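Protein chains in written order, with UniProt numbering: chain A, 1 to 271; chain B, 1 to 317.
Keep in mind the hints are simulated off the structure, nothing from the lab. Values in this document were obtained by computation on a predicted structure and should not be read as measured data. What you were told as hints is all true, and nothing was included just to trick you.
Examples of chain A residues toward chain B, derived with CB under 8 angstroms:
hint, residue
1, V90
2, L208
3, I246
Residues from chain B that keep clear of chain A, each with C-beta distances beyond 10 angstroms, as calculated:
hint, residue
4, G76
5, L96
6, V105
7, V174
8, P179
9, D180
10, D220
11, R226
12, I231
13, L233
14, L235
15, R237
16, V267
17, N268
18, S269
19, R314
All C-beta atoms in this analysis are idealised placements derived from N, C-alpha and C, irrespective of residue type, glycine included.
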Amino acid sequence: MTKRLGGVYAAYLVFAVVFFGPVLFMLWSSLRNNVDITGSLFDIGSPLTLENFTNLFERFAFGRYIANSFIVAGGSTILGLVLGAPAAYVIVRRKLAALGFVTLLARMAPGVLFVLPLFVLSIRVGGPDSVALNYTLLIVAHLIITLPLCIWLLVPFFEEIPISIEESTLIDGANAWQRFRRIALPLALPGLSVALTLSFIFSWNYFLFALALANERTLPLTVIAFNFIGQGSNDFGGLMAASTLISAPALLLTVFAQRWLVRGITGGAVK
Amino acid sequence: MSDLMTKRPAASGSATADPEAEAPPRRRRRVDPTARGVWPFALPAVLVTAVLVLVPVAYTIWLSVSDRQSDGTNAGFLGFANYAEMFGNPEFWNSLKITLFLFVVCLLVETVLGLALGYVMSLDVPGRRIFQGMMLVPAITASVAVGLVWLLIMDPSLGAANQILTKVGIDPVVWLGDPDIAPWSIALVDIWQWTPFMALIISAGIRSLPEEPFEAAAIDGASGWRTAWNIGLPLLRPVLTVAMLLRTVDLVRFFDTIYIMTQGGPVNSTNTLNVYGYNAGFVDHEPSYAAALQIALLVLVIGIAGAFTWFRQRAAR
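If we strip away everything but chain A, and leave its shape as in the complex, we get (with noise of 0.2 angstroms):
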């Protein structure tokens, strides 16, 4: 029995230096001099530093893209509960599982394809004159995104609730809406905040529309992070500070979501 768990240990190392090795080589470039990154791998007494990361805010306004990050990320994932929620609430109450499967056929179509129509919209509109109406195409795209994964991430908490519940208030009168409102909407605040998590990452994540999309005033971290290879190409410790940033919400998660993160990246396809 030892001898397996030895075993075990040692493939849990092997695997965890295959892939979790380069995460952590991430943290500890966005801690080190360029001149350290640059020079050894195997210099492992060099100094740490924070200046990367107050660079990335004195230099480059950071401040303002992740704000930019937060306003897209937060507003899809809002509106995409908002819209969501109901659906998974009568995709469940009256088992209209084709219309959860028709709303899984949005993540399952390529990104580029959505981008040209919405690149031709955004022109229509003035999107890459007004700040305004481009935070909203970007929150819209998103919604390709978030609103998928609320549905889904939400439809087995609505199944956890007795439909016994529901019923004992009809003698009240209450409608449909009531119902879900003040009954199975509060019983499903757990599913809820998952699902608000999760959607925020994912959409906080996701880079091609913005690409096409964003001005320069509406510009992601993501995008911003991509467009810093050109721009200042051996400033590494800069690089690896951003994507540590960019990483952030996600990594905070894994802490604390596990179980839900599996769900969410698999579109519900294993429990």
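Since the structure of chain A is already known, use the hints to place chain B on it.
Chain B in isolation, oriented as in the chain A frame:
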């Protein structure tokens, strides 16, 4: 999909996204809380999905058969000239080849490695959850961060990868600058990012397998490998198929990491259909041609997903 909460073993097929396969037994209901008023609940989401998905697809189809210029003018219906141009363009066939290459290599390696890692993750040992959490990180880290880290790791002179290779006495590799090697390097990054994801699904599948067949095999004195091959693998097939289908859909439209790391280069060696389509639209400013490429990609996604579903249904019978 309504079977999400039924606690049945995954091996019976409940780990599928198939909405009809596993509907739970209908509860007896005296009243239906939403008997009247389904549409007020569902309509907003349905409308938004329809507008967000169908309209762009319809518009892209229109774009692909019309003559739109990058300055916004549209000379109207053009017929299939864009498609003719696409099929006559060697770059399209090159892109298709690269798309399929990445698809096959990544899917195969991710499945085989995922099986090994999934088995390790399924074992009940102390610390399993922490390990599982670590393995989740690559899949949910933003592709931009993944791309940037691997750019640094694969840097030809300063990168960590070559430093390690040099240390153990292997010649440094030009990871992203050599057209023969770049597609493999891109595949490596995708394998790194998504193998743990495969493993998570597979380990969940392994943990929900019934015990009896394995006990019977043990009594018959079958070896571990034989049992795994002859009993475990067939029982796991539904889970494996779903996991592979999920990866298939993502791999065919593979974009983020490639765009961040190589933008399709060097010499178009990593120019998948998706990257090619994006560049045609936003770098070369040929919206109509780009639209034709997108439709081709959509057909490919639907085709491969359809083939998979057909294969799965046939296997289930």
